[in-house]
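Sequence order for the protein chains is A and B.
For the first sequence, counting from 1, position 150 maps to 150 in our numbering; every step adds exactly one.
For the second sequence, counting from 1, position 229 maps to 229 in our numbering; every step adds exactly one.
I should point out that these hints are in silico values taken from the structure, not numbers from a laboratory.
Check before you lean on any hint, since a few could be wrong.
[Unchecked claim] Calculated lysine-lysine pairs in the DSSO-like style (CA-CA distance at most 30 angstroms, straight line):
1. A:LYS42 x A:LYS246
2. A:LYS99 x B:LYS88
3. A:LYS106 x A:LYS95
4. B:LYS237 x A:LYS99
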Amino acid sequence: MSGRMAWFKKEKTPKQPQAERRFTVPEGLWVKCPDCKEIVYKKEVLRNTNVCTKCDYHFRIGSRERLDQLFDMGRYQEFATEVAPLDPLQFVDSKSYEKRLVDYQKRTGLKDAVITCTGTIGGHPVSMAVMEYGFMGGSMGSVVGEKVTRAAEQALKDQRALIVIACSGGARMQEGALSLMQMAKISSALAQLDVAGLPFISVLTDPTTGGVTASFAMLGDLNIAEPKALIGFAGPRVIEQTIRQKLPAGFQRSEFLVEHGMLDYIVERNKMRDKLISSLRFLMPN
Amino acid sequence: MFEEDSFEEPILDLERRIEALSDTGDDPATRNQRQRLEQELREIRERIMSDLTPWQKTLLARHAKRPYTLDYIEHMIEDFVEIHGDRKFADDPAIVAGFGDFRGRPVLVLGHQKGRDTKEKIHRNFGMPRPEGYRKAMRAMNMAEKFRRPIITFIDTPGAYPGIGAEERGQAEAIAFNLREMAKLTVPVVATVTGEGGSGGALAIGVGNRVNMLEHSVYSVISPEGCAAILWRDPSKNREAAKAMRLTAQQLVGLDIVDAVIKEVSGGAHVDAAHQAEILGDVVDEQLRTLESLNGEELTAQRHERFRQLGKFTDGALSA
Ligand SMILES: [Zn+2]
């Protein structure tokens with residue numbers, strides 16, 4: 001994200017369903033932390049896995065950065081790289097979906113909002129899908145559905161653990177009910193994995209809402225999250241409009257979900273890899 | 001009111017005129033006139049209902065007199081016994097479940113339930129389930145699994161309820177769990193969207209070996225109003241959103257999301273619930289007969305394949 005060219009910033013970002021703004025590390029030598037408001041040295045933040053060195057605020061990071069942090073020696077092999085979106089409904093709102101896709105593909109260098117790959121973590125074979133919030137708010141359409149399903153099938157085929165790192169505003173409206181059906185499609189693949197006794201770890205990052213939460217993200221043998229991530233079914237604004245009252249502080253944050261029994265644990269980004277290794281040691285079949 | 005919204009007016013107007021005539025006596029001239037108006041009513045119903053916009057179908061799917069799950073159960077199921085509760089927290093009246101006889105076989109039936117009058121609407125929470133509703137549904141389906149009974153579901157909800165308690169008790173987890181566990185069932189599952197198929201809250205009881213839609217029902221990832229508010233930033237663009245999302249039964253058959261479009265009685269399902277239940281029953285009965293010839297493993301595999309192939313994308317040279 002920090003390497004993004006300046007002229008891209010002038011482009012208006014089409015709005016996707018999202019709750020509250022979380023910041024990526026901006027340009028410049030120094031960074032003002034949006035949470036504790038301290039001015040911190042950017043290089044230190046980057047070295048600290050994009051986490052504020054003063055208050056542990058987790059800046060939003062891209063899918064590639066995540067992959068680099070998790071695999072043994074930072075090495076992984078991508079698959080299903082040719083799977084790319086279509087515009088099956090020929091959907092047009094203020095802009096055509098087709099045009100939107102091309103813009104996001106240029107901006108992110110990705111074909112859609114997820115990367116799938118295999119590799120090892122602490123020596124354990126893993127099939128992984130990582131969502132990219134920078135691609136249309138990480139929304140789930142046919143490509144995300146297909147690639148996450150293939151990641152599950154890859155795990156099944158090679159006896160790997162499945163890890164999916166969610167980061168998404170929910171379903172992609174521009175693909176209508178096709179995007180809705182991805183929830184059932186992925187869950188059906190997870191049913192096979194479940195029956196086969198292979199582990200699935202769901203990692204929820206900020207934000208994970210809507211149809212992504214209400215399908216694979218809540219189906220892990222372990223559901224784990226980064227601190228203070230927004231996690232929910234309905235977005236906070238929708239709830240406020242429905243019940244006509246303000247939501248309590250901390251509502252739908254990781255800590256709230258742990259309190260209500262929905263998550264196994266919260267893990268800070270720089271401890272994620274170690275915690276995954278400890279968990280895989282228990283979960284992986286001998 | 002927008003002109004597009006008042007499509008039923010000519011029908012209602014004719015119905016009022018026929019009603020008025022029946023109060024004026026029974027002489028041959030009046031009878032004659034009534035017959036003429038009734039013929040006109042049949043024709044105008046056919047004409048209007050065969051040419052509805054996606055938004056108009058949305059309105060019809062939400063029609064205040066639309067048959068709900070309990071109406072279908074009343075007309076389709078003999079000896080119905082309702083069961084309650086998720087055995088964890090509460091009973092959710094927005095989903096009804098129970099068992100009974102459907103054309104000679106014991107079945108499990110369940111579906112969303114909306115209310116008719118204000119009091120019942122509130123009791124049923126406008127057909128918007130909380131997590132307990134989905135958990136009750138899954139508990140009931142697991143019972144059908146245990147006792148090897150087919151499952152019939154009716155889908156008709158604006159969506160899962162977005163509230164504080166629902167979030168606290170795991171609305172997302174409840175829906176997700178159903179999606180995965182329904183995929184494992186080894187008994188036949190036939191799901192039918194009878195009214196509004198509102199997003200994940202609809203799909204959570206919709207992972208069927210067959211998925212049907214009534215002719216004027218809708219199924220979508222978000223309501224047209226919600227879509228308009230987010231993508232158009234203007235909730236009044238609901239007509240445009242309804243059109244863009246392709247949420248009608250006829251459009252969804254083309255995307256393989258729906259197996260069968262079930263014909264509605266002339267003028268819409270609400271005109272004659274009993275007849276509508278019979279038409280629906282015929283289709284469901286035939287589908288069950290086909291599915292009953294498969295064994296458990298085949299049923300699970302067929303359901304998996306059905307959903308596995310949903311989606312439109314390109315894979316390099318190959319398109320799916
Ligand atoms: Zn800070």
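How the hints compare with the structure:
Proposed proximity of LYS42 of chain A and LYS246 of chain A is contradicted: the alpha carbons are some 35 angstroms apart, above 30 angstroms. Of the pairs offered as hints, the one joining LYS99 of chain A and LYS88 of chain B is violated, with about 48 angstroms between alpha carbons and a cut-off of 30 angstroms exceeded. Using a Cα cut-off of 30 angstroms, the hinted pair LYS106 of chain A and LYS95 of chain A holds, with the two alpha carbons roughly 16 angstroms apart. Taken as a hint, the LYS237 of chain B and LYS99 of chain A pair is honoured in the structure, with Cα atoms around 21 angstroms apart against an allowance of 30 angstroms.
Checked against the numbered hints listed earlier, the structure breaks hints 1, 2; every other hint is satisfied.
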